[in-house]
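Asker: The listed protein sequences derive, respectively, from chains R and U.
All residue numbers for the first sequence refer to UniProt numbering, where the first residue is 1 and numbers rise by one.
All residue numbers for the second sequence refer to UniProt numbering, where the first residue is 1 and numbers rise by one.
None of these hints come from the bench; they were simulated from the model.
Keep in mind that this is a model prediction, so the values were computed, not measured.
Hints should not be assumed to be uniformly reliable.
Straight-line C-alpha distance at most 30 Å; calculated DSSO-like pairs for lysine-lysine [as the list claims (entries may be wrong)]: (1) R:Lys-285 with U:Lys-56; (2) R:Lys-125 with U:Lys-18; (3) R:Lys-285 with U:Lys-68; (4) U:Lys-30 with U:Lys-391; (5) U:Lys-68 with R:Lys-68.
Part of the chain R face toward chain U, derived, beta carbon under 7 Å [what the hints assert, rightly or not]: (6) Ser-14; (7) Leu-63; (8) Tyr-73; (9) Gln-109; (10) Pro-244; (11) Leu-275.
Label-pair distances were calculated between CB atoms; the ranges are [to be verified]: (12) R:Asp-290 with U:Asp-146: 48 to 58 Å; (13) R:Arg-379 with U:Asp-146: 56 to 66 Å; (14) R:Arg-61 with U:Gln-66: 18 to 28 Å; (15) U:Asp-57 with R:Pro-378: 30 to 40 Å; (16) U:Lys-68 with R:Val-69: 21 to 31 Å; (17) U:Lys-21 with R:Arg-379: 46 to 56 Å; (18) U:Leu-365 with R:Leu-188: 49 to 59 Å; (19) U:Asp-57 with R:Lys-320: 47 to 57 Å; (20) R:Lys-285 with U:Pro-81: 27 to 37 Å; (21) R:Thr-92 with U:Asp-153: 56 to 66 Å.
Every residue, glycine too, gets a C-beta built ideally from N, C-alpha and C.
Protein chains: 2
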Amino acid sequence: MKIEDPHALHLPLSERAKNMKSSAIRDLLKVTARPEIISFAGGLPSPDTFPIARLKDAFDRVLSAQGKVALQYGPTDGYAPLREWIADRMSTDGVRIGPEQVTIVSGSQQGLDLLSKVLIDKGSKVLVETPTYLGALQAFSMYEPDLQSVESDDIGLVPETVARIGQGARLLYAPPNFQNPTGRTLPLSRRRELVAICARMNVPIIEDDPYGELSYGGERLQKMLTMNSAGVVHMGSFSKILTPGIRLGYVIAPPALSRMLEKAKQATDLHTSQLTQMVVYEALKDGFLDQHIPVIRRLYAEQCETMLAAMQDFFPPALKWTRPDGGMFIWVTLPRHIDSQQLFEESVAQDVAFVPGTPFYPANLATNTLRLSFVTVPRPRIREGIERLGKLIASKL
Amino acid sequence: MKIEDPHALHLPLSERAKNMKSSAIRDLLKVTARPEIISFAGGLPSPDTFPIARLKDAFDRVLSAQGKVALQYGPTDGYAPLREWIADRMSTDGVRIGPEQVTIVSGSQQGLDLLSKVLIDKGSKVLVETPTYLGALQAFSMYEPDLQSVESDDIGLVPETVARIGQGARLLYAPPNFQNPTGRTLPLSRRRELVAICARMNVPIIEDDPYGELSYGGERLQKMLTMNSAGVVHMGSFSKILTPGIRLGYVIAPPALSRMLEKAKQATDLHTSQLTQMVVYEALKDGFLDQHIPVIRRLYAEQCETMLAAMQDFFPPALKWTRPDGGMFIWVTLPRHIDSQQLFEESVAQDVAFVPGTPFYPANLATNTLRLSFVTVPRPRIREGIERLGKLIASKL
Chain R
1 MKIEDPHALH LPLSERAKNM KSSAIRDLLK VTARPEIISF AGGLPSPDTF
51 PIARLKDAFD RVLSAQGKVA LQYGPTDGYA PLREWIADRM STDGVRIGPE
101 QVTIVSGSQQ GLDLLSKVLI DKGSKVLVET PTYLGALQAF SMYEPDLQSV
151 ESDDIGLVPE TVARIGQGAR LLYAPPNFQN PTGRTLPLSR RRELVAICAR
201 MNVPIIEDDP YGELSYGGER LQKMLTMNSA GVVHMGSFSK ILTPGIRLGY
251 VIAPPALSRM LEKAKQATDL HTSQLTQMVV YEALKDGFLD QHIPVIRRLY
301 AEQCETMLAA MQDFFPPALK WTRPDGGMFI WVTLPRHIDS QQLFEESVAQ
351 DVAFVPGTPF YPANLATNTL RLSFVTVPRP RIREGIERLG KLIASKL
Chain U
1 MKIEDPHALH LPLSERAKNM KSSAIRDLLK VTARPEIISF AGGLPSPDTF
51 PIARLKDAFD RVLSAQGKVA LQYGPTDGYA PLREWIADRM STDGVRIGPE
101 QVTIVSGSQQ GLDLLSKVLI DKGSKVLVET PTYLGALQAF SMYEPDLQSV
151 ESDDIGLVPE TVARIGQGAR LLYAPPNFQN PTGRTLPLSR RRELVAICAR
201 MNVPIIEDDP YGELSYGGER LQKMLTMNSA GVVHMGSFSK ILTPGIRLGY
251 VIAPPALSRM LEKAKQATDL HTSQLTQMVV YEALKDGFLD QHIPVIRRLY
301 AEQCETMLAA MQDFFPPALK WTRPDGGMFI WVTLPRHIDS QQLFEESVAQ
351 DVAFVPGTPF YPANLATNTL RLSFVTVPRP RIREGIERLG KLIASKL
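Bound-form chain R, shown alone (with noise of 0.2 Å):
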């Protein structure tokens, strides 16, 4: 037997395949697990947030009541009952929102996946801010679009932007809150003005929205979806108030589009495991979920609080980053002659990780940001960590 490179052996590839990157998070995930390491580079929420327990008991009362019809193949586009939950919680503003418009993934990053093959041609033009979440570029790319940078300010996307080079786009990618990789938040009038904007254009807005739910005081900006559903389509998942493991999430899209998702999703993994939708349905249908995320949001609003202060006490005053309202990162901008990524090199040598900030930019743009995570790594680590990064960054000033 001969196992050999498939480039050696010229497998016909295709075009996509050959410019395919791996996401540098994940590959960078492998060099930081050291436990030595104080890692800020994380995008995982924190494990101490998982209702184990509850979930046990779910699975066993799913098991033992319904085994036969949770271990069968399900609907494509979802367990019902999950799909009404859904539904009945993302009906807000005074907007219903039905079950025929929500369709259940295998967690958001398949939602991408999903509406990229409904939505993208090669070469369609696709919108994004910037910097923006990085799966997302992944996702996008695997069709070949033309992807658009958008303008994108302290507070995100700049509408103006979008109305001048959005004329015949598939779709404009916007994460409305705390998002990944910045921690900023879209302020209302924003909201209004791209939902305008877009409809105009008849440009889809992808309201990618997995930490709406982590806002640290717990206020909740009205969403993009219930200003227009016909017109918006709006991402959640249960990844980050829940569990990732699992893979769960769900897409809100007009119903001619669902059925279209729907069809995508056939294609793709004929459906979202039966039995996994029934346990989360079964854990959350008695309003768990209305005590569990005020613990997540106190949590991730004191480990946020805490590097906060330590950057104000250790990072050099010509370094700039964002103070987020909730989710899970803080972004920081260098003075511009420090390379992140050379930066995380010298830093990981010292026991201390964090994301470079270029991944992040559809064409690579700024060298000198970075992403830090402060969920998971234990206060006193955290102002430890903090202080060695503000002392190598000073040596560099």
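Fit chain U to the given chain R structure using the hints.
Answerer: For chain U alone, kept in the frame of chain R given last:
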């Protein structure tokens, strides 16, 4: 709030979306779900074979002992112990398969999607047998290939045709055992010929094998994978031997191709449920399948025998049908003048359902074929349904 049709809104859809078809079978299953219907239409395994108690126990153990790991994000290529277990199980005929060749996927259907991402460009030549698995046609179609039908006879793909039309193809799709929809099995000699021909032309063979373990007699023909593991991609699934509702399968490929599948999977859904993988490993690691699979084989063999005996008794001699050595399906060829779609409607009116054959042909060739599944219908009902169907067909001769 207005909810409108995306076409009415002129939402900018992709070309593939405009051409998307829903699975005729999944749509049909909705029609045939009425309890009074004797349905031979499903492709579902028998829920009587699901080891519910064992899985419940495994969920308990994994969540109790390793809850925080099981519920956290996991590696894109899969849970390492499960990958090793699969590699060991796939190492047969003196050929060693390494865990680095194994990618865990969310069901075989996802394997087809990922392989398409990596191998197919718009317009690429893709070879399929006739008739073939509908889900594969759907998965490939998302990437807009030029699907070419390879002549196939009672024992499957005709190697000479592959040699004649295969040059430059991106892949040959070749389910070897008890194929869906026909139940036919590719003989050893043809496997060897196909492997040799495709190696010469540098066309990867996709050996999709969800039914291979369900040989009634327990015999197993050598996998094409072990004839040339550098040129054959093997796909397996837990859907037919454990449970489909959890969505778990795997792809065995040359290591460098596996790395590409990993990148494609990262962009597609990050990873398959970590919890599910750990639970399946927990449930199977002690050799459970060695006791469990023979139980499924015996059940399906008896069900198949019942249906074949009934067909012998009640079907007019003008009909031809396959006699599978394993799996879940029998394929019927009617006299040419009978349209099986038309027959389906009349048959459902008499409370008997099957799947008309046309969707299994990429170019809708034969209108006089149909698929019967026997695994989920109680045996007296099998006889009753076949008798009724036989009379209906006889009335048309």
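Asker: Checking hints one by one. Is Ser-14 (chain R) an interface residue toward chain U, by the C-beta closer than 7 Å rule?
Answerer: holds, 5 Å
Asker: Please verify whether Lys-30 (chain U) and Lys-391 (chain U) have alpha carbons no more than 30 Å apart.
Answerer: holds, 25 Å
Asker: Taken at face value, is the distance from the CA of Lys-68 (chain R) to the CA of Lys-68 (chain U) at most 30 Å?
Answerer: holds, 27 Å
Asker: Given the hinted pair Lys-125 (chain R) and Lys-18 (chain U), is their alpha-carbon gap at most 30 Å?
Answerer: Judged against 30 Å, a Cα distance of about 18 Å means the pair holds.
Asker: Check the following: the C-beta atoms of Lys-68 (chain U) and Val-69 (chain R) are separated by a distance inside 21 to 31 Å.
Answerer: At 29 Å between Cβs, range holds.
Asker: Min Cβ distance, Gln-109 (chain R) to chain U: is it shorter than 7 Å?
Answerer: holds, 5 Å
Asker: Under the criterion of a CB-CB separation shorter than 7 Å, is Leu-63 (chain R) in contact with chain U as hinted?
Answerer: With a closest approach of 4 Å, the Leu-63 (chain R) hint holds.
Asker: The hint says 18 to 28 Å between Arg-61 (chain R) and Gln-66 (chain U); measuring C-beta to C-beta, is that right?
Answerer: About 21 Å separates the Cβ atoms of Arg-61 (chain R) and Gln-66 (chain U), which means 18 to 28 Å holds.
Asker: Evaluate the given range 56 to 66 Å for the C-beta pair formed by Thr-92 (chain R) and Asp-153 (chain U).
Answerer: holds, 60 Å
Asker: If you check the beta carbons of Lys-285 (chain R) and Pro-81 (chain U), does the distance land in 27 to 37 Å?
Answerer: At 33 Å between Cβs, range holds.
Asker: Holds or violated: is there a CB of chain U closer than 7 Å to the CB of Leu-275 (chain R)?
Answerer: At about 5 Å, which falls below the 7 Å cut-off, the nearest Cβ of chain U leaves the hint on Leu-275 (chain R) intact, so it holds.
Asker: Return the status of the interface hint for Pro-244 (chain R): holds when the least beta-carbon distance to chain U is below 7 Å, violated otherwise.
Answerer: Given a least distance of 5 Å, the restraint on Pro-244 (chain R) holds.
Checked against the numbered hints given earlier, the structure satisfies every one of them.
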